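Novice: Spelled out from the first residue to the last, the chains are:
Number of protein chains: 2
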Amino acid sequence: MKEVVAGIDIGGTNTVFGLIDKAGNILAEHSLKTTDYPKIENFVSALAAVINKLMEGKANLKLAAIGIGAPDANYNRGTIELATNLAWKGIVPLTEFIRKKIDVPVVITNDANAAAIGEMIFGGAKKMKDFIVLTLGTGLGSGIVVNGEVVYGSTGFAGELGHTIVVPGGRDCGCGRQGCLETYASASGLVRTVLYMLSEMSEESILRDIPPSELTAKKIAEAAAQKDPIAVEALDYTAEILAFGIGNAIVFSSPEAVFLFGGLAQAGEMLFAPVRKYVDENVMALFKGTVKILPSVVSESNAAVLGAAALAWNELKK
Amino acid sequence: MKEVVAGIDIGGTNTVFGLIDKAGNILAEHSLKTTDYPKIENFVSALAAVINKLMEGKANLKLAAIGIGAPDANYNRGTIELATNLAWKGIVPLTEFIRKKIDVPVVITNDANAAAIGEMIFGGAKKMKDFIVLTLGTGLGSGIVVNGEVVYGSTGFAGELGHTIVVPGGRDCGCGRQGCLETYASASGLVRTVLYMLSEMSEESILRDIPPSELTAKKIAEAAAQKDPIAVEALDYTAEILAFGIGNAIVFSSPEAVFLFGGLAQAGEMLFAPVRKYVDENVMALFKGTVKILPSVVSESNAAVLGAAALAWNELKK
Chain P
1 MKEVVAGIDI
11 GGTNTVFGLI
21 DKAGNILAEH
31 SLKTTDYPKI
41 ENFVSALAAV
51 INKLMEGKAN
61 LKLAAIGIGA
71 PDANYNRGTI
81 ELATNLAWKG
91 IVPLTEFIRK
101 KIDVPVVITN
111 DANAAAIGEM
121 IFGGAKKMKD
131 FIVLTLGTGL
141 GSGIVVNGEV
151 VYGSTGFAGE
161 LGHTIVVPGG
171 RDCGCGRQGC
181 LETYASASGL
191 VRTVLYMLSE
201 MSEESILRDI
211 PPSELTAKKI
221 AEAAAQKDPI
231 AVEALDYTAE
241 ILAFGIGNAI
251 VFSSPEAVFL
261 FGGLAQAGEM
271 LFAPVRKYVD
281 ENVMALFKGT
291 VKILPSVVSE
301 SNAAVLGAAA
311 LAWNELKK
Chain U
1 MKEVVAGIDI
11 GGTNTVFGLI
21 DKAGNILAEH
31 SLKTTDYPKI
41 ENFVSALAAV
51 INKLMEGKAN
61 LKLAAIGIGA
71 PDANYNRGTI
81 ELATNLAWKG
91 IVPLTEFIRK
101 KIDVPVVITN
111 DANAAAIGEM
121 IFGGAKKMKD
131 FIVLTLGTGL
141 GSGIVVNGEV
151 VYGSTGFAGE
161 LGHTIVVPGG
171 RDCGCGRQGC
181 LETYASASGL
191 VRTVLYMLSE
201 MSEESILRDI
211 PPSELTAKKI
221 AEAAAQKDPI
231 AVEALDYTAE
241 ILAFGIGNAI
251 VFSSPEAVFL
261 FGGLAQAGEM
271 LFAPVRKYVD
281 ENVMALFKGT
291 VKILPSVVSE
301 SNAAVLGAAA
311 LAWNELKK
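Chain order of the listed sequences is P and U.
FYI, this note's numbering numbers position 273 of the first sequence as 273, with every residue one higher than the one before it.
FYI, this note's numbering numbers position 12 of the second sequence as 12, with every residue one higher than the one before it.
Just so you know, the hints here were simulated from the structure itself, not pulled from any lab data.
Among the clues, some could well be false.
You can't tell identical chains apart in this list, so a pair holds if it fits in one copy or across any two.
Unchecked claim - Below 20 Å or equal to it, Euclidean Cα-Cα: the simulated DMTMM-like pairs (lysine to aspartate or glutamate) are:
id : residue 1 : residue 2
1  : 101       : 222
2  : 318       : 149
3  : 288       : 172
4  : 288       : 81
5  : 39        : 72
6  : 126       : 280
7  : 129       : 149
8  : 318       : 240
Just so you know, these numbers come straight off a predicted model, no measurement behind them.
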């Protein structure tokens, strides 16, 4: 009998399921529309039904655990709390609800922590004890690993590097404060930087022909690849601020590597090269040359489900 | 037979020794002038002689381990590296040297990490898994505990919160960069702030009668207690910047408490009250009310030796 875990990625729109073995192979997949289940009871029933269906007729497989990645999830308490992009309000004790339906260990954490565990179990951090994963999407999420363990802190919500303030009095942030790292170093931060550069610089730019509401990190990266001066300058500034945030994280936990992941990281060397340059120029001398800035090696399309599965496998090791 | 450990605090001027039992009682003490031993071999011999002398004639005691707190010490490697305030140059494998003379486990870490372990074993953090100790002296040292373990990172040098940059382009720091937290939130940072306030504000102040080279955090705190307007304003600004640094540390590791220790912390409520106010006002909503700002409860005069002893006791538990 071969053990497998279920990796579940709960997103605002879709919930994706995978059955995953110890080597990270995805043996079966399924998905649901999260928005079809505004009541949490119905969602839990549907989730349990999917897992049972995935296991159906697979007498050689044994479900060992369930791992879940979800926004606003709390590992310590097994909850989703005050989620802004999900219909379920308040504090949802999700792992408890699921355990009532399926009697295996159930663990939950947020997407960025799941990405970090995915990197540790299946990706580029297999031999690392101290590293950080930054997910550069609409916001900036972070999963921090210290001594081989994800940092959850006393509240279970640790690892919010997107909300370190890097520019006091800077850009308005969704968290209600100003100048947070994610308002600069994220896909949407890059768009804001382009809008600012368009106001400050007088250079020609193909970005002047795109309505601001349609600007994306991808279009900006494509423009930068064509040497568009505004796009190049905006990417450089984004890299500089990201490197500043990374520099402050380095003096905290002295990671062996920082992995960059998500939409903005797709810009590739156009982002990585200046990030490495600025980290090297600005990091405290004690740490110079000690930190690798690396792309994630977990494939973007499966990363969320693999991260959730890695969370489950990691829990079973404890 | 009762087990004891030797706690050793190596400072630029003096090296202080204590024999300490599991409850934190100091059973014997001694000290050396560090500056009398410019050669490391001679220092190690003298250190071993002191320990042997302290144990002499105590047939009921057994030396179980040696713990050392020293500037620029590296726990991972057992070394003191490129110390700026000690005569021994380069990389000194101190624990290895000592183990050749006395065959017990020998561990070393820097002063701030030793203070954190002291707080965990003998002080106010006995039941805490996640906390931070900030030592506010000439500089700002930090010991960070996550999941019950000190954060050393991949290099062994993690936990340098004094060198997070809080004011980009701000005050010159001894590390060669600008705007580091310790240039504002430390005893010497407070002195710099007073000098700045004396230039900016026109209020009368008894601090105008003290030569800048004789200004100390203690004199400023005394002036603030007398409601001296410059001293009050300088302490408030110091508290605001310290709270800003603490706020960024909170989103990283979500500690249960932050302990303030050292010269500047002696200002007591004049510092703690505004630090608490600014942390509460400015911390990310997710963490509001989750972090206690506390004075260290390890007595300042014995803290370094007790911290070094706690390091040894903690090692024996592993």
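Novice: Does each hint hold? Answer for all of them.
Specialist: Checked hints:
With identical chains, the CA atoms of residue 101 and residue 222 are never at most 20 Å apart, being 48 Å at best within one copy and 64 Å at best between copies. In this homomeric assembly, residue 318 and residue 149 come within 20 Å of each other (Cα to Cα) both inside a single copy, at 11 Å, and across copies, at 17 Å. In this homomeric assembly, residue 288 and residue 172 come within 20 Å of each other (Cα to Cα) only across copies, at 19 Å, whereas the closest approach inside a single copy is 32 Å. Taking the shortest alpha-carbon separations for residue 288 and residue 81, only the inter-copy value of 15 Å comes in at or below 20 Å, while the best intra-copy value is 39 Å.
Taking the shortest alpha-carbon separations for residue 39 and residue 72, only the intra-copy value of 17 Å comes in at or below 20 Å, while the best inter-copy value is 56 Å. When the C-alpha separation of residue 126 and residue 280 is checked against a cutoff of 20 Å, the pair qualifies neither within a copy, at 24 Å, nor between copies, at 39 Å. For a Cα distance limit of 20 Å, the shortest separation of residue 129 from residue 149 qualifies both inside one copy, at 8 Å, and across copies, at 13 Å. For the identical chains of this complex, residue 318 and residue 240 are neighbours neither inside a copy (39 Å) nor across copies (41 Å), given an alpha-carbon limit of 20 Å.
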